[in-house]
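Trainee: Generate the whole structure from the sequences, applying the supplied hints.
There are 2 protein chains.
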Amino acid sequence: MQSIPVDKANRFLEPGPIVLVTTIDGGKPNIMTMGFHMMVQHDPPLVGCVIGPWDYSYGALRSSGECVIAIPTVDLARTVVDIGNCSGATLDKFRTFELTPLPARKVTPPLIGECLANLECRVADTRLVETHNLFILEVVAISTDPERRERRTLHHRGDGSFVIDGKTVDLRDRMVKWRHLQD
Amino acid sequence: MQSIPVDKANRFLEPGPIVLVTTIDGGKPNIMTMGFHMMVQHDPPLVGCVIGPWDYSYGALRSSGECVIAIPTVDLARTVVDIGNCSGATLDKFRTFELTPLPARKVTPPLIGECLANLECRVADTRLVETHNLFILEVVAISTDPERRERRTLHHRGDGSFVIDGKTVDLRDRMVKWRHLQD
Chain A
1 MQSIPVDKAN
11 RFLEPGPIVL
21 VTTIDGGKPN
31 IMTMGFHMMV
41 QHDPPLVGCV
51 IGPWDYSYGA
61 LRSSGECVIA
71 IPTVDLARTV
81 VDIGNCSGAT
91 LDKFRTFELT
101 PLPARKVTPP
111 LIGECLANLE
121 CRVADTRLVE
131 THNLFILEVV
141 AISTDPERRE
151 RRTLHHRGDG
161 SFVIDGKTVD
171 LRDRMVKWRH
181 LQD
Chain B
1 MQSIPVDKAN
11 RFLEPGPIVL
21 VTTIDGGKPN
31 IMTMGFHMMV
41 QHDPPLVGCV
51 IGPWDYSYGA
61 LRSSGECVIA
71 IPTVDLARTV
81 VDIGNCSGAT
91 LDKFRTFELT
101 PLPARKVTPP
111 LIGECLANLE
121 CRVADTRLVE
131 THNLFILEVV
141 AISTDPERRE
151 RRTLHHRGDG
161 SFVIDGKTVD
171 LRDRMVKWRH
181 LQD
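Protein chains in written order, with full-length UniProt numbering: chain A, 1 to 183; chain B, 1 to 183.
Hints listed in this document are in silico derivations from the structure and should not be mistaken for laboratory results. Some hints could be false.
Since the list gives no way to pick one copy over another, a pair counts as held whenever it fits inside one copy or between any two copies.
Subject to a maximum C-alpha distance of 16 Å in a straight line, what follows is the list of computed EDC-like cross-link-like pairs (lysine to aspartate or glutamate) [unchecked claim]: (1) K167 / E150; (2) K106 / D82; (3) K8 / E138; (4) K8 / D145; (5) K8 / D159.
Mentor: Right under this line is the structure:
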């Protein structure tokens, strides 16, 4: 895993992939699957996400104020669904799903070695947690594997149906042109 | 356009597509491009999104409390970028980009006829607007065109680079199995 600047968080999250989230509670790491998240601000990078009391990770996130958002690729599709359909209350998910916990740089919850990227986060705002279970997180470190060949992420359409990344279209020149005209 | 239940909002938004947002200000409709959004709750459907004072639509959304989130497909890629790189302060974007405004059922801003789906929204919570420009919207109606052949959406990776929907993977059976075991 290689460290990259935190202001690149949007490259991974704005496309809206299904993600995994690690937390730690009393020394015990856990993983959940999360589909409700968004970028809130580019720099410093803020992320909004919904984690509720029905998620075992909720208590750990509230008490520790830390988590890691890991980006799985298509090879982990079944694992992503299975992680979302069992509970850390009764299972050690790293062991059950044969995933590799790696030490993070700035937070206590572990990275997931099998993921494309890992975003280390600290809770930055909890004002909407009571009513909407909506946490605002700040991304404080990002690790990614630049050598990784499989980079296609999954997007959840609901009920276990996913769309996989296809072709890309690069309209960067068009952005520059219009920005220039706007200045 | 055919009306579908509002609790299907996640089918369109959870995959994280780039979207268009219409508002109306003094009778004048406008369109913006938006990448920072997420589902917050399934039913009643709540959506979080970031629209800031730098967006011309911000004033209209704050004063009217209404907008429409329209889901464009790959055929509109250039239009989506161009809409995001000019301002409704000086342009009639419906006319400039040759898009068709259609009457909505429950809100005043128009639907976009060329989009896959249109989600009519009302502002439900503004507590994070001052600090994070984060609006919570409730989806009050959804229209979609079931006959439409092009259904591939775009996901923004930043700087005008997009990934297009590819193949789908259906793991619904796996969801049901695990849910059943959890009960």
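Trainee: Taking the earlier hints as the rules, which of them does this structure contradict?
Mentor: 2
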